[in-house]
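2 protein chains.
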Amino acid sequence: MTQREGRIGRYVRMVAQPGQGDALAEQLLHVADGLRDVPGCELYIINREPDEADTVWVTEVWTSQEASDAALSQDLGDAGIGRVLSLLAGPPDLIDLAPVGGPGLR
Amino acid sequence: MTQREGRIGRYVRMVAQPGQGDALAEQLLHVADGLRDVPGCELYIINREPDEADTVWVTEVWTSQEASDAALSQDLGDAGIGRVLSLLAGPPDLIDLAPVGGPGLR
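Top line first, the protein sequences correspond to chains H and Z.
In this text, residue positions in the first sequence follow full-length UniProt numbering: the first is 1, and each later residue adds one.
In this text, residue positions in the second sequence follow full-length UniProt numbering: the first is 1, and each later residue adds one.
This is chain H alone, in the form it adopts within the complex (with noise of 0.2 Å):
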């Protein structure tokens, strides 16, 4: 395995109230921003789900989950996470990761 100790990631899924799919994606695109200097961020990727949309899903990885902690307890917040979560319909979904290797990570 070329798996790197510590390095984690998660998919987040979030749905949208009714026809805020555009305003989510649109504050989650902010959020990113804000976490460009942020250390440990390695992905941060705003996605829409083609067929569904008020869905969002957020590809994340981080060099640790300190690191990740790290940013929930401040960086997130700074950026602007709390406005995300009042367009949500309700909690959002995540699938935690190891992520191992290939193209695209560090």
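No lab work stands behind these hints: they were computed from the structure.
Among the hints, a few may not be true.
Claimed, not checked - Covered stretches of chain Z, going by a simulated chain H footprint (3 or more residues, C-beta under 8 Å):
(1) 34-43
(2) 55-68
(3) 76-82
(4) 99-105
If you're wondering where the values come from, they're calculated on a predicted model, not measured in any experiment.
Glycine is no exception: its CB is placed at the ideal position from the N, C-alpha and C atoms.
Dock chain Z against the given chain H, drawing on the hints supplied.
What follows is chain Z alone, placed relative to chain H:
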């Protein structure tokens, strides 16, 4: 929106035959290495699912549907996707995505 026309992504969930999760992940890393210089391949990240030893997820981003189709018809075969398929317990599940931006996208 900062969406770039044409970029596509997907999450691919593969479940190996019982006990074959390590072999599946190894073979997918081999495929991923073979895609490093393939035109249009932005991300092809192999991920284990921590609590499901036989489940592997692939995070894909391609510059266009055409680039993805071209790889499927040639490069993925050359890289050993056939061996991957032989390890699976069933067909892969796909979640199709339209990536729109964020750290980690070129």
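Evaluation of the provided hints:
Coverage of the stretch 34-43 of chain Z by chain H holds [criterion: at least 3 residues with CB-CB distance below 8 Å; count 5]. For a cut-off of 8 Å, the count of residues in the stretch 55-68 of chain Z with a CB near a CB of chain H stands at 4, and the three-residue condition holds. Check result for the stretch 76-82 of chain Z against chain H: violated, 0 residues qualifying (beta carbon to beta carbon below 8 Å, three or more required). Check on the stretch 99-105 of chain Z: 7 of its residues sit with their Cβ under 8 Å from a Cβ of chain H, so the three-residue criterion for coverage holds.
When the structure is compared with the earlier hints, a violation turns up for hint 3 alone.
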